[in-house]
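Visitor: One letter stands for each residue in the lines below.
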Amino acid sequence: MNTIDDYEWIAGFRAAVPFPSQARLAAGRVRLLAAVTAQGQAGHPHRAAARPILRWRPVVALAAAAAIAAGAGFALTAPDTRTGTGRTPGHDTPQATLAAKVLHAAATQVAREPAIAEPSPGQWIYYKEVDVSGANSAPASEGPEWVTFDGDRTAYYQVGGPFIVHTSKTSYPPPGTNPWAALNTYGISAKTAWDVLAALPTEPHALLAVIARQVATPAGEQDAEASVTNLSGAKQMTEAQREFDYLTWILWNARLGGPPAALAAVYRAMATLSGITVQYGITDAAGAPVIGVSDDGGYNQLLLSPVSYQVTGWRWFSDGIIPRGRDGHPRVRPGTHWPPRGALIVSTAITKVTPVAAPGDR
Amino acid sequence: MPERPARPQQASGMAPPDAAIIARSARDPESFAILYDRHAATLHRYVARRLGEGAADDIVAETFLCAFRKRDRFDPSTSSDARPWLYGIAANLIGKHTRSEVRMLRAYARTGADPVLTRQATSDDALSRIGFAAAQRDVAQALATLAKGDREVLLLIAWADLSYAEVAAALGIPVGTVRSRLNRARTRARVALSGIDVTSPREVSF
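Listed in order, the protein sequences are those of chains R and A. Residue 172 in my numbering is what sits at position 192 of the first sequence, and the numbering runs on without skipping anything. Start counting at 1 in the second sequence, then tack on 1, and there's your number in my numbering.
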C-alpha cells in the first residue's frame, strides 16, 4: 500500500466539476447589473464618490501592503543616494544637476525615435512584466496580459486556470470623456495617455502650467485621500511632487509609446522640477540595468532604460513610516509588520510591450 | 504542506487591480461587473464542487450582490485582490447550506453516487476501472465528518487555492487559527483515508 497524500485526494475530489458556461453565469451578471442600476437611481448609501485614480506610486504601495500581509521579511536594501530625511535638495545640488542632465538626455533620445501611428482603439497590446516582492525570497512572478489600446478589453491567464478573454467591455473611461478628465478620474488606458500627450504643450513651463491646473483641482486634492489605492495619501506632497506624480502617470501609461515630441516635453518638464534625483548602477526586477528617477529621494523610483530612456519599470522602498489616513489612523491592518526604512517592497519591470493581432499572441 | 506564496494579481499591467475596480464602482457602479467577469467563474466552480451547480448559481449571484452592497467595507490594505473578500462572503452563504452539504457527502459515501456531479461531469468510468471510486467515497466520508470551520479552511486552500493569509482574511480569523484548523482537518482526513489502497494516486487525472 502506497503512502497516501490526503491533500492530493481532497484537492482532486470533485475536480471533474466544470467551470460554468457563460450562459450559466449570465443570469447572475444580470442580477448584479439590475442591483447596480437600482442603486444608481437611488444613490450610493454609504459613501461619497471616491476618486478611483490609480497612480504609479499608490499602486506600488498597495501591492506592498498585500505582500506585507503575508507576513514575510524583506531582503533587499534601498538605494544609497537617498538623503536622511527622504527629501532631496533643490536645483543647486549636484544630484539635481545630474537629474536634469539625465532627463534632458532622455528628452533628446526619445525625440529621435521614429513616430508611430496611433493604434486603433481596439488594437490588442501584449504586456509582459516581471514583479519582485521584497516580502520574501520567492522567485519573480511574471504577468502576461493583453489589453486593448482603449483599455476596453483585457485578457490574461487565470492562475492555475483558463485563458480569460473578457467579452464584456470595461468601458473606462466612458466614450467621449475629455482625456484630461479621464486621466484625472480613470487614468487607465494607453489611449488616454496618448491623447493627453498629444494635447500637451511642448514647451516645458507651458506644459507644467497645464499639469499644475490639473493637480490643483479639488478633485485632485480629493484623490490623494479618497482613493483606496493611495496608502500614503495623507503625506504632504509639494506641488513639484504632485506634478512629477502626474507626469509619471502619463509616462507609465504610455509604455507602448506616444508622440515623440510630447514624450520629450514631459522629460524636459520633469527636469525643471525641484527635488528630483536619479540613481545609476541599479537593475530592474528582470535584472536589466536601469536609471532610477525619483521625487522623494529614492523611495519611489520610475525606472528608465539607460539606452532608450523609455520607462521600463518602477520600484518602491519603505520609508519606515506606516501610512496613515488624514484621520491619523494607520491604513494597514492592526499588527501588520511594516517594513523598516530602506527595505524593498516591490519592483516591477516591463519586459515587453507590443501590439499583437489577437489576445494570446506574443 | 508548505504555504503557497500569495499569487500575483490576476490583473496586472494596465488593467486595474480589484481594489481599484471597487473604488471606482463608488463613482461608476457598473464597473463592479468587471469583478464578476474576473471571478464569478472560479467562484462558481468552487461552490458547485461543494453544493452542486444549481446552488452555485444562486450563491454566486448572492455573493456579488452582497459584495456590491457592502463594497465600501472592502479593506484594500489587506490585499488588492478581491478573492479573499468574495470567498469570505460566499463562505457565509455556503454555511447556510451546511446540512445539505453534509447530507450529500454522506449520500455519496454511502451509495457511490455523487449528488453534486452531473453524469456529464463525472466521467468516473475510468475511476471505477482503477479502483478510485471507493477512495472517492472515503474522501466524501472524511469531508462529511469534519467540523464546519475545519472543512471551510481545508477547501478554501485545496479548492479555491487561497493562501493561509488569504483564508484568514476571507474568514476573519487569525492565520494561526487557519493553520490549526487545517492541521486538524488533515489529521482527520488522513485517518479516514488510511485504508485506501491505491496503485498510484498520480494516475488520477481530471
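Hints are computed from structural coordinates only; laboratory data are not their basis. Don't take every hint at face value.
Estimated spans, in silico, between C-beta atoms of each pair [what the hints assert, rightly or not]:
#1 Ile96(R) with Ala134(A): 20 to 26 Å
#2 Ala97(R) with Gly96(A): 52 to 58 Å
#3 Pro(-2)(R) with Thr99(A): 21 to 27 Å
In this text, a Cβ means the ideal position worked out from N, Cα and C, and glycines have one as well.
Visitor: Confirm or reject each hint.
Guide: Hint check:
{"no.": "1", "hint": "Ile96(R) with Ala134(A): 20 to 26 Å", "result": "violated (60 Å)"}
{"no.": "2", "hint": "Ala97(R) with Gly96(A): 52 to 58 Å", "result": "holds (56 Å)"}
{"no.": "3", "hint": "Pro(-2)(R) with Thr99(A): 21 to 27 Å", "result": "holds (24 Å)"}
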